[in-house]
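K.L.:
Listed below, chain by chain, are the residues.
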Amino acid sequence: MSTNSENVEKLVKKEYEHGFVTDIDADTIPPGLSEEIITFISNKKDEPKWLLDWRLKAYRQWLKMEDPTWAKLDIEHIDYQAISYYSAPKSKDDAPKSLDEVDPKLLETYQKLGIPLDEQKMLAGVAVDAVFDSVSVATTFKQKLTDAGVIFCSFSEAVKEHPDLVKQYLGSVVPAADNFFAALNSAVFTDGSFCYIPKGVRCPMELSTYFRINASNTGQFERTLIIADEESHVSYLEGCSAPMRDENQLHAAVVELVALKDAKIKYSTVQNWYPGDENGVGGIYNFVTKRGDCRGDNSKISWTQIETGSAITWKYPSCLLKGNNSIGEFYSVAVTNNYQQADTGTKMIHIGNNTKSTIISKGISAKHAQNAYRGLVKISKNATGARNYSQCDSLLMGDKCGAHTFPYIEAKNSTAKIEHEATTSKISDEQLFYCLQRGISEEDAINMIVNGFCKEVFKELPMEFAVEAQKLLGVTLEGAVG
Amino acid sequence: MLDIKDLYASVEDKKILEGLTLSVKAGEVHAIMGPNGSGKSTLANILAGKDDYQVTQGSILYEDKNLLELSPEERARKGVFLAFQYPVEIPGVNNIYLLKAGLNAIRKHNGEPELDAMEFMSLVKERMKLVQMNEDLLSRSVNEGFSGGEKKRNEVFQMAILEPKLAILDETDSGLDIDALKIVADGVNSLRNKDRAFIVVTHYQRLLNYIKPDYVHVLGKGKIIKSGGPKLALELEEKGYDWIN
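These protein sequence lines map, in sequence, to chains A and B.
For the record, in the first sequence the residue sitting at position 80 is 80 according to this note's numbering, with numbers rising by one throughout.
For the record, in the second sequence the residue sitting at position 162 is 162 according to this note's numbering, with numbers rising by one throughout.
Since the hints were derived computationally from the structure, they do not count as laboratory data.
As the structure is a computational prediction, the values presented were derived from the model and not from experiment.
Treat the hints with caution; some may be incorrect.
Stated by the list, open to error - Okay, derived cross-link-like pairs now, DSS-like style, lysine-lysine, Cα gap no bigger than 25 Å in a straight line:
#1 A:K471 - B:K108
#2 A:K426 - B:K50
#3 B:K50 - A:K400
#4 A:K367 - B:K108
#5 B:K108 - B:K50
Claimed, not checked - Sample of chain A residues lacking proximity to chain B, with all beta carbon distances greater than 12 Å (derived):
#6 K45
#7 L63
#8 K64
#9 G149
#10 K167
#11 N179
#12 P204
#13 T269
#14 K362
#15 R387
#16 G439
#17 M448
#18 F458
C-beta: ideal position from N, C-alpha, C; glycine also.
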């Protein structure tokens with residue numbers, strides 16, 4: 001351990017002796033992870049003791065775990081003691097003062113995606129207060145949600161305002177020590193989102209626009225918990241098609257969804273973190289644990305993801321189909337270009353009777369990128385009448401990239417019906433030439449062919465986001481052929 | 001309109017065209033016939049700009065410009081259209097979406113306003129009658145699951161929408177039964193006018209019963225070995241290609 005972090009430990013311990021008051025000057029603590037650091041974070045956030053204990057328990061388990069190496073990913077060793085685990089919101093002084101100070105390449109991308117100017121400023125982190133009407137927009141949304149009885153707030157706020165709900169459901173889908181990255185997240189998560197839809201309520205809006213304005217900067221260890229009570233419906237959208245400024249290299253988020261009887265949750269993600277440059281230097285490591293629990297009968301959880309960013313993506317949004325007749329769905333487009341790597345897929349665990357799952361995965365690789373689909377369909381012994389349909393298609397652009405499919409199927413009940421289809425294809429010169437011969441530019445042609453390939457997934461996205469996702473794909477794959 | 005002079009071309013060092021010369025004026029219909037491997041499809045693909053071919057010698061002038069310097073999409077925008085012998089399937093891409101993108105790219109190039117969805121649809125409705133296109137083919141993915149005849153009809157339908165100046169039909173008759181052949185030929189005939197030229201590449205004389213050419217050329221060993229009027233096609237049908245050799 002470096003002397004630097006030893007000093008921090010000393011400092012932290014010293015503070016601790018004095019009863020650990022929260023008014024420490026430093027807003028970012030130097031690198032390192034220890035029980036003291038976790039205690040520091042928990043205290044800084046003014047958390048109840050049960051939550052601190054929960055974090056410490058996760059940490060102790062994490063210490064005994066090892067980085068997973070089974071994924072088809074080439075990951076450089078990560079020094080977890082070299083990471084700083086707490087950083088307060090950045091002071092506005094360091095932020096760019098106007099869009100003129102922002103990387104023109106980033107602005108070009110925003111323009112291509114058709115993002116409004118005010119939103120560009122927000123995304124680029126321009127330090128202008130009230131450049132647009134975000135406050136009043138947010139207030140209007142908040143009022144509408146409150147009227148419907150929906151709780152939607154930051155995780156920290158939920159811990160304070162709705163401790164019983166948090167205590168009841170936190171870790172009930174992804175246990176603290178579920179896996180290496182989930183344990184790390186459980187120990188050090190700083191914030192995230194919390195959402196509760198009461199019984200019988202259909203959430204009056206897509207929880208997306210609101211999210212984009214308010215919670216876009218939630219940090220590297222994000223924690224999301226969504227609970228849909230009986231007969232409720234919610235559609236939640238995470239992320240943004242625009243590339244976000246982010247200096248943290250390691251991201252390890254946890255998302256837990258709970259659907260009670262007759263409830264429906266639709267969770268859509270557009271992930272476009274910095275993928276590194278064309279030589280594979282830099283870029284975000286994205287290690288996410290996402291799991292939905294169809295706890296009640298006739299419940300349904302649907303994951304839709306468009307993954308275009310990050311240097312490395314390790315992500316398997318899953319469904320536990322516990323309730324009878326419950327339904328799990330996974331629709332995914334994962335794009336890797338240059339030296340990006342993705343190992344992503346889903347797990348569908350059929351436990352209840354007559355449970356149904358659908359998996360549609362589209363992987364696109366270009367240049368030197370590697371793209372793997374890894375999925376598990378498991379039918380438990382007592383799950384009668386379970387059905388699964390999986391379709392995994394890969395599209396290759398160029399001859400140096402790779403696509404891999406690892407489907408695992410475990411059926412312990414003989415009434416199960418499981419179908420799996422997989423294809424790998426290349427954008428053919430014939431297809432491209434056909435489009436060119438009709439007067440269409442090469443860029444538009446590639447866009448069209450790739451979007452056609454992803455159509456089945458895009459149609460699952462909320463309308464306005466489907467349009468953005470299409471543009472995003474085009475921008476991501478620019479110059480990938482030819 | 002089109003002036004091909006002493007054209008030599010090869011694929012992967014295999015010589016296919018060896019000194020082909022052909023001149024086509026606006027309003028004319030030229031039939032290119034010849035046995036398999038004589039270079040008919042190569043000629044069609046070179047005109048459209050497919051980059052599998054190397055032109056080693058000779059020149060092609062299109063509207064007094066060097067055609068070989070233009071990219072495939074530039075050629076298309078300047079009015080060169082190829083009805084493909086084997087139209088490719090593009091899954092997930094809507095048939096008329098592709099066509100609208102093509103038409104608007106061409107219109108933009110010509111300085112004309114792009115058509116909006118409504119204007120485009122009324123054009124589609126009008127032109128699809130020319131080839132008796134089935135309406136459900138419009139909303140399907142490009143050529144996906146189309147029968148051989150439907151694919152060829154779709155090519156002629158696209159031609160009717162894009163209104164090229166120089167239309168090249170590469171064995172559009174192959175794989176068509178007699179009814180489909182008539183429909184396709186009627187579609188082509190309705191598009192004939194004094195400003196538009198056609199190059200009809202075909203193996204059989206049959207198509208030329210329905211699309212009457214002004215000139216017939218016979219291709220052999222990479223160049224035109226005989227040219228004549230419509231009667232030449234009939235003679236070929238009777239005597240076979242060996243007769244010329």
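K.L.:
Look at each hint and say if it fits the structure.
P.N.:
Do the hints match the structure? See the list:
| no. | hint | in the structure |
| --- | --- | --- |
| 1 | A:K471 - B:K108 | holds (21 Å) |
| 2 | A:K426 - B:K50 | holds (18 Å) |
| 3 | B:K50 - A:K400 | holds (23 Å) |
| 4 | A:K367 - B:K108 | violated (32 Å) |
| 5 | B:K108 - B:K50 | holds (23 Å) |
| 6 | K45 | holds (47 Å) |
| 7 | L63 | holds (48 Å) |
| 8 | K64 | holds (47 Å) |
| 9 | G149 | holds (41 Å) |
| 10 | K167 | holds (46 Å) |
| 11 | N179 | holds (35 Å) |
| 12 | P204 | holds (31 Å) |
| 13 | T269 | holds (21 Å) |
| 14 | K362 | violated (10 Å) |
| 15 | R387 | holds (25 Å) |
| 16 | G439 | violated (4 Å) |
| 17 | M448 | violated (5 Å) |
| 18 | F458 | violated (9 Å) |
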